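Chains as they are written, first to last, in this note's numbering: chain G, 8 to 349; chain V, 59 to 365.
Misleading hints may appear alongside valid ones.
Not the full set, but computed from the structure, chain G residues with beta-carbon under 10 Å of chain V [said to hold, decoys possible]: (1) E49; (2) L65; (3) T195; (4) Q199; (5) D202; (6) G223; (7) N227; (8) T246; (9) K247; (10) G280; (11) Q290; (12) F307; (13) P311.
Simulated pairs of lysine to aspartate or glutamate, EDC-like, Cα-Cα distance not exceeding 16 Å [as the list claims (entries may be wrong)]: (14) G:K247 to V:D321; (15) V:K256 to V:E298; (16) V:K202 to V:E185; (17) V:K190 to V:E142; (18) V:K131 to V:E211; (19) V:K131 to V:E142; (20) G:K59 to G:D202; (21) V:K327 to G:D202; (22) V:K63 to V:D280; (23) V:K324 to G:E206; (24) V:K287 to V:E142; (25) V:K324 to G:D202; (26) G:K132 to G:E122; (27) V:K326 to G:D202; (28) G:K93 to G:E81.
Since the hints were derived computationally from the structure, they do not count as laboratory data. Owing to the predicted nature of the structure, the values given are computational and were not obtained by experimental measurement. Built from N, CA and C at the ideal position, the CB exists for glycine as well.
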Amino acid sequence: MDNLLEVNNLFVSFTTEEGEVKAVRDVSFTLKKGETLAILGESGCGKSVLCKSILRILPENGLIKSGDVILAGENLTNLSEKAMNKVRGKEISMIFQDPMTSLNPTMSIGKQIMEAVLIHQKMSKSEAKKRTIELMELVGIDQAEKRFAQYPHHFSGGMRQRSVIAIALACNPKVLIADEPTTALDVTIQAQILDLIQELQRKIGISIIFITHDLGVVANVAQKIAIMYAGKIVEIGTTKDIFYEPKHPYTWGLISSLPTMAVEEELLHSIAGMPPNLLHPPQGDAFAVRNKFALKIDYFVEPPMFKISETHSAATWLLHRNAPEIKAPIRLKEGRVIFNES
Amino acid sequence: MKAEKIIEVKNLKQYFKLDKNTVIKAVNDISFAIYKGEIFGLVGESGSGKSTAGRSIIQIYQPTGGEVYYQGKLISNPQIYKKEKKFINRNMQIIFQDSMSSLNSRMTIGEIIEEPLLIQGIYKKKEERRKKVCELLNLVGLDKRYLERYPFEFSGGQRQRVGIARALSLEPEFIIADEPIASLDVSIQAQIVNLFKKLQKERGLTCLFISHDLAMVKYICDRVGVMYKGKIVELAKTKELYQNPIHPYTKALLSAIPVPDPDCAKMKKRLEYNPIIHDNGREKSKWLEILEGHFVYGCDFEWQGSI
């Protein structure tokens, strides 16, 4: 299977009054057809910026410094703004975190979905309406014909997010970028939306980039996971690689801070400290100061990506052949984290 | 637990009148008590009335019916509330869910956190207040160089921590935390939750923790009440509730927690809750204690065999 989307050595910076903020630093990944890639990281790690630069919807002071975004053989970074507009929504579409602010409150839900259908496809109004109702049914809005004329405030949070997904799917895009699609929703609705995303993937074979900060959410949804820290991908692998064979200390930290797994009567594990300021990224490994397994070299030289297997690689000096062998302090067992004795 | 009751809620009702014919029963006859030094969780989906319950307890809303006692004082009575206002505000604080709209955008972070100290007149000297503010910032994991900045310069997680620092500034005895961690990252969530646990242990903080994150609630709370459509449908000690849920809604809610383990997640089945199953016309639902300290809203025959 060929790669549908390729991102190669992408660098994105923002110019601010205080200087250049390097938000995305040397990120590469690939996405196959029908695959879900989850990008995971704390707020400010650059995961949203990464996705916005794929669509080239960065704010004015943001700039792709170098690197390529290749969609089905075409390099998106060189396209004119006009050509890029054709890609947005039609080839790649995006859904945002907050379903309330991404919908127009003065326009009925049906009209908003129909608008997206009509912009990219030539069809008559009645055809477009039929397609809209199909889309609403696809994303699980029942009584679609009746709800066509309703406004966003008539819809609950989960239903609004469904409508946003319907708009995103209006033109049969090849890639869907979902930026924290369930963060604003509560557990039951979150479970429904996650089910919906998986079902859509089975039905229409769309590729999905799923941005989140919640490891629990991605276990069931993603095939591949990329962990981002301070603008870099620090570990990437299949879902099983990341959950069962994590190699990067940051991934260890993320897994052990999950509450479902906490051992009773003990403090919840947290990663001490704060993410670094990307205005002045530290020398060496950006995670070193928060990493209790840091080696001396971590403070001076940035670790390269070490390949662990065909699918799995991680950027930590611990994987160097001269590094002392350190076992992961945690392992998963039946949905719980077991802390190994250290 | 035979501790002192900090908060007692009796048959609390909070209705909102939308127009002549529509009344929303956001909180519909709930009763519970929170004991000293306990973290009490209130969970439920959005719209279940859990935030409204919190707001009615601290008297942001004047309850439609029922009583709220704080340390034996009937604070839901407006006269008594007015008389005790300073005392109540000193000892009872709330952390709001929406950190953007709960912070004054024209005040610096330093001023925001300092304000309650000024109003209550706890520290006379400016330097003392400053010192306290820095201490609070440190406690919630923010740097002191943020003192002169404005709320819009912060990320959601940072703003939330400012809200927490402000609520903690008076060292209240009782805090209502309305989804305090919903907008935060996993690793920061862990820091905040640990902070609550630490305060509980060291200062005997009592807390009403409102959340929809059942995984976090399991970890932090001593007892949990599950709300559905304005009613508490089940209330028990945390361990008991998670191991032995009785009400079908609780079961459905628990089954929706995502499991962070790919193999287990595949095997898991999600339950749906349909309230129709209670419409059997045989008896009216009531509040039953089916095991010691484990309450369920329903009728006797429904739970027989499930214990």
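Here's how the hints hold up against the structure:
no.: 1; hint: E49; result: holds (4 Å)
no.: 2; hint: L65; result: violated (18 Å)
no.: 3; hint: T195; result: holds (5 Å)
no.: 4; hint: Q199; result: holds (8 Å)
no.: 5; hint: D202; result: holds (8 Å)
no.: 6; hint: G223; result: holds (4 Å)
no.: 7; hint: N227; result: holds (4 Å)
no.: 8; hint: T246; result: holds (5 Å)
no.: 9; hint: K247; result: holds (6 Å)
no.: 10; hint: G280; result: holds (9 Å)
no.: 11; hint: Q290; result: violated (21 Å)
no.: 12; hint: F307; result: violated (25 Å)
no.: 13; hint: P311; result: violated (25 Å)
no.: 14; hint: G:K247 to V:D321; result: holds (8 Å)
no.: 15; hint: V:K256 to V:E298; result: violated (23 Å)
no.: 16; hint: V:K202 to V:E185; result: holds (14 Å)
no.: 17; hint: V:K190 to V:E142; result: violated (26 Å)
no.: 18; hint: V:K131 to V:E211; result: violated (41 Å)
no.: 19; hint: V:K131 to V:E142; result: holds (9 Å)
no.: 20; hint: G:K59 to G:D202; result: violated (25 Å)
no.: 21; hint: V:K327 to G:D202; result: holds (12 Å)
no.: 22; hint: V:K63 to V:D280; result: holds (14 Å)
no.: 23; hint: V:K324 to G:E206; result: holds (14 Å)
no.: 24; hint: V:K287 to V:E142; result: violated (32 Å)
no.: 25; hint: V:K324 to G:D202; result: holds (12 Å)
no.: 26; hint: G:K132 to G:E122; result: holds (10 Å)
no.: 27; hint: V:K326 to G:D202; result: holds (12 Å)
no.: 28; hint: G:K93 to G:E81; result: holds (13 Å)
The structure fails hints 2, 11, 12, 13, 15, 17, 18, 20, 24 (numbered hints given earlier, in ascending order).
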